[in-house]
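Undergrad: Each chain, written out:
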Amino acid sequence: MVNVMSILTNGLSNATPLILAALGEMLVERSGKVNLGVEGMMAVGAAAGSLAGVKWNSLAGSFLVGGLSGALLSLIYVVAVIGLNADQIVTGLILVFMGIGLSELIGIKTGGTPGTPLFPSLGPFDYLEVFSIVLAVFLWFLLYKTWTGVELRAIGEDELSALERGLRVKTLRVISIIVGGFLAGVAGTYLSDSFHYGRWYSGITGGMGWIAIGDVILGYWHPFGILISGYFTGLLFAMKPLLPTIGIPAELADALPYFLVLVALIIVTFIYKRLGISPPASVWKTIR
Amino acid sequence: MRGLSEKVSRRDFLKLATASVIGLAIGLGGGYAWGRESSTKTATPQTPSKTTTSSTTSTSLAQRKIRALWIYVGPIGDYGWTKAHDDGRKYVQNKFGKWLVTRYLEKVPEDQAYSVIKDQLETTRYDAVFATSWGYMNAVKRLAEEYPQVFFYHCSGPWEYFKDEKNVTTYFAEFYQLYFLNGIAGGAVTETCKVGYVPAFLTPEVIRHINAFAMGSVYGAKLMGKCGNGEKLEIYVTKPLNAWFAPSAARNAAKMLVDNYDVDVIAYTEDSTSILETAESYWDEGKKVYSFSHYSNMYEYFLKKGKKLRSHLTGQVANWGPIYEYLLARLYANDAFKEDIWARLGDFTPIRWKRPISESKAGQPEGAVYLAPLNTKVIPSKAIIKIKELYEDMRELLFEPFTGPIWGYRIDSEGRPQESPKLKVPPGVRLGRNDLWYINWFYEKITSLVK
Chain A
166 MVNVMSILTN
176 GLSNATPLIL
186 AALGEMLVER
196 SGKVNLGVEG
206 MMAVGAAAGS
216 LAGVKWNSLA
226 GSFLVGGLSG
236 ALLSLIYVVA
246 VIGLNADQIV
256 TGLILVFMGI
266 GLSELIGIKT
276 GGTPGTPLFP
286 SLGPFDYLEV
296 FSIVLAVFLW
306 FLLYKTWTGV
316 ELRAIGEDEL
326 SALERGLRVK
336 TLRVISIIVG
346 GFLAGVAGTY
356 LSDSFHYGRW
366 YSGITGGMGW
376 IAIGDVILGY
386 WHPFGILISG
396 YFTGLLFAMK
406 PLLPTIGIPA
416 ELADALPYFL
426 VLVALIIVTF
436 IYKRLGISPP
446 ASVWKTIR
Chain B
25 MRGLSEKVSR
35 RDFLKLATAS
45 VIGLAIGLGG
55 GYAWGRESST
65 KTATPQTPSK
75 TTTSSTTSTS
85 LAQRKIRALW
95 IYVGPIGDYG
105 WTKAHDDGRK
115 YVQNKFGKWL
125 VTRYLEKVPE
135 DQAYSVIKDQ
145 LETTRYDAVF
155 ATSWGYMNAV
165 KRLAEEYPQV
175 FFYHCSGPWE
185 YFKDEKNVTT
195 YFAEFYQLYF
205 LNGIAGGAVT
215 ETCKVGYVPA
225 FLTPEVIRHI
235 NAFAMGSVYG
245 AKLMGKCGNG
255 EKLEIYVTKP
265 LNAWFAPSAA
275 RNAAKMLVDN
285 YDVDVIAYTE
295 DSTSILETAE
305 SYWDEGKKVY
315 SFSHYSNMYE
325 YFLKKGKKLR
335 SHLTGQVANW
345 GPIYEYLLAR
355 LYANDAFKED
365 IWARLGDFTP
375 IRWKRPISES
385 KAGQPEGAVY
395 LAPLNTKVIP
405 SKAIIKIKEL
415 YEDMRELLFE
425 PFTGPIWGYR
435 IDSEGRPQES
445 PKLKVPPGVR
455 LGRNDLWYIN
465 WFYEKITSLV
475 K
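Taken in sequence, the protein lines are chains A and B.
Counting in this note's numbering, the first sequence runs from 166 upward without gaps.
Counting in this note's numbering, the second sequence runs from 25 upward without gaps.
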């Protein structure tokens, strides 16, 4: 008894936070940096968004505050990595744990109270699902059809040349990182507002931020690629409760989506290598 | 373009690896500190929240004061299990404020309970300790031996475990009767003839609730003469969530039941409002899905928030107040003794004998366990009358859901059938406390969704 239609639509709803966060992270990586703090920014977004929802009883306010809190956290990354040349990996990891801690600090105030009005739906899709697709198209246009996009990609490919050419390396990077933080925050708010009806709870992100970073690689740093990879992982999560009913050991079912993402990453990375394509060149390098 | 591996030299790799390890350490430390700080805001194991001050009016007599400590496993804001206990604490606090001082510790991990409670007992005098989680059993047993002057109360543990401890009383609020009544409501309203259950764990407690709900729903369908007089009613039980509080997994399980199994009534054991809200969200899509309150009156809660639930049928509610009131009054009167309380319908009500249906308080607060408001708009009046009738009968134990003949099959911890259905309760036999307390089989009509 498998309702394919419902899995397909549930897949999109599960994919939305992943796609949003991954698109943000893609921008950051395209500009030549890696912010591993996605999980932390999502956690803060979930808690702050939920708190705003409970306080104001407004969905828009909830998302705005959630996004801004993610952006605020990413400012720490900006100051440390861009401003003070700190190691981007270390900073990202600190952001993760700081975000999870902050999430507890803020979330305890609502303590699991369901706050915002029920999430409205547009037929089978909700606003954020539609928004995530529109955003992907917009980012594709931005990256590949505008001069700013070329500039952004150039920074990510060869920072030194970009500097020599007088491109706005720091400015664009800072903007990308802050936008990435905002989107991660919105993705986190989506977790509490859509999945849990405005309710935050401890451990709400459950590794979604890390999966989003995986989706950036799976989608080959391309907006449309990320749409596909995000939807694929969303489908895995949507199918999770069904797995025990088709004979997959219940003990294994919970871990399977994470495991499959890992397998997909290995396969895709192998293919990328064979084809001779690589990530934005300056992503994993620190040039002063 | 070159591959990534060619670009990372050994030195770079080492730098990266070291940095990651350092980052992880700093991050873990920092995150942990943040996390701890957040939890200490509301409750610090070392300094419990004091909720009452000693009465300011000076008394000439050396007034006897009872000091009681509550240990909670979750946050008091969980809107479920822990909040219900805290409401009970507040109830006795208001009632016995003159001689009762209550304190509580929330979010006490089960494996740390022993040292946390011991710290308290070493620094402050307490007369009573209420340990409100099953996992505190071991700690309570050890502490009861070390502190014979303190009376311990363990919620949900079997009294047999504390057989030798004279200063341990066990107590629990039992829901299986209410789940049977929920089942009647569910069986009476289902249009798809498919109902479902999402369990947190498959402990005996949850298993008897599932069975009671399943038998009740068959009863309800039969009563209304639908679903082939209950014969064709399908009852699905999902894989256990393996957590008491798991809003995300609960929501997904509920969605699966509705989307893939066409279920339109979902009962559950999970300490949040997640499943009820999931059911409610289907109404916005034009699909009628029903669910229940669990541990507190969630209908009223959402009403206060300005949301009138369409999905709420009825539900099971616990009020620990009367139990705490009774136990503490005995302690105050120097008359506490070891006992085992298993509160069912009728217990802790002033007069427990059955009332006529017109005066039935089914759906209103009474006693330690009661039925959440009945959705009279949806549940047919015939079923409402039956629910009230059985509710009254159950208060006197005139009606018992677990009355034979009942067929069932043994299951494992994930719900997989371990045998073909066998006669579990012979005709005319009623299951007693011991059989119910250690039940390990599913009612035969239940389909386990774990293969």
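These aren't lab readings, by the way, just hints derived from the structure by calculation.
Heads up, a few of these hints could be off.
[Said to hold, decoys possible] Simulated coverage check for chain A against chain B, where a stretch passes if three residues somewhere in it have a Cβ under 8 Å from a Cβ of chain B:
{"hint": "1", "segment": "168 to 178"}
{"hint": "2", "segment": "225 to 235"}
{"hint": "3", "segment": "364 to 377"}
[As the list claims (entries may be wrong)] Interface residues of chain A toward chain B, partial, derived using beta-carbon atoms under 8 Å:
{"hint": "4", "residue": "GLY248"}
{"hint": "5", "residue": "LEU325"}
{"hint": "6", "residue": "PHE360"}
{"hint": "7", "residue": "HIS361"}
{"hint": "8", "residue": "LYS405"}
{"hint": "9", "residue": "LEU407"}
The C-beta atom is built at its ideal place from N, Cα and C for all residues, glycine as well.
Undergrad: All hints are to be evaluated individually against the structure, with a verdict given for each.
TA: Right, here's what the structure says about each hint:
no.	hint	result
1	168 to 178	holds (count 4)
2	225 to 235	violated (count 0)
3	364 to 377	holds (count 4)
4	GLY248	violated, 18 Å
5	LEU325	violated, 15 Å
6	PHE360	holds, 6 Å
7	HIS361	holds, 5 Å
8	LYS405	holds, 7 Å
9	LEU407	holds, 6 Å
Hints 2, 4, 5 from the earlier list are contradicted by this structure; the remaining hints agree with it.
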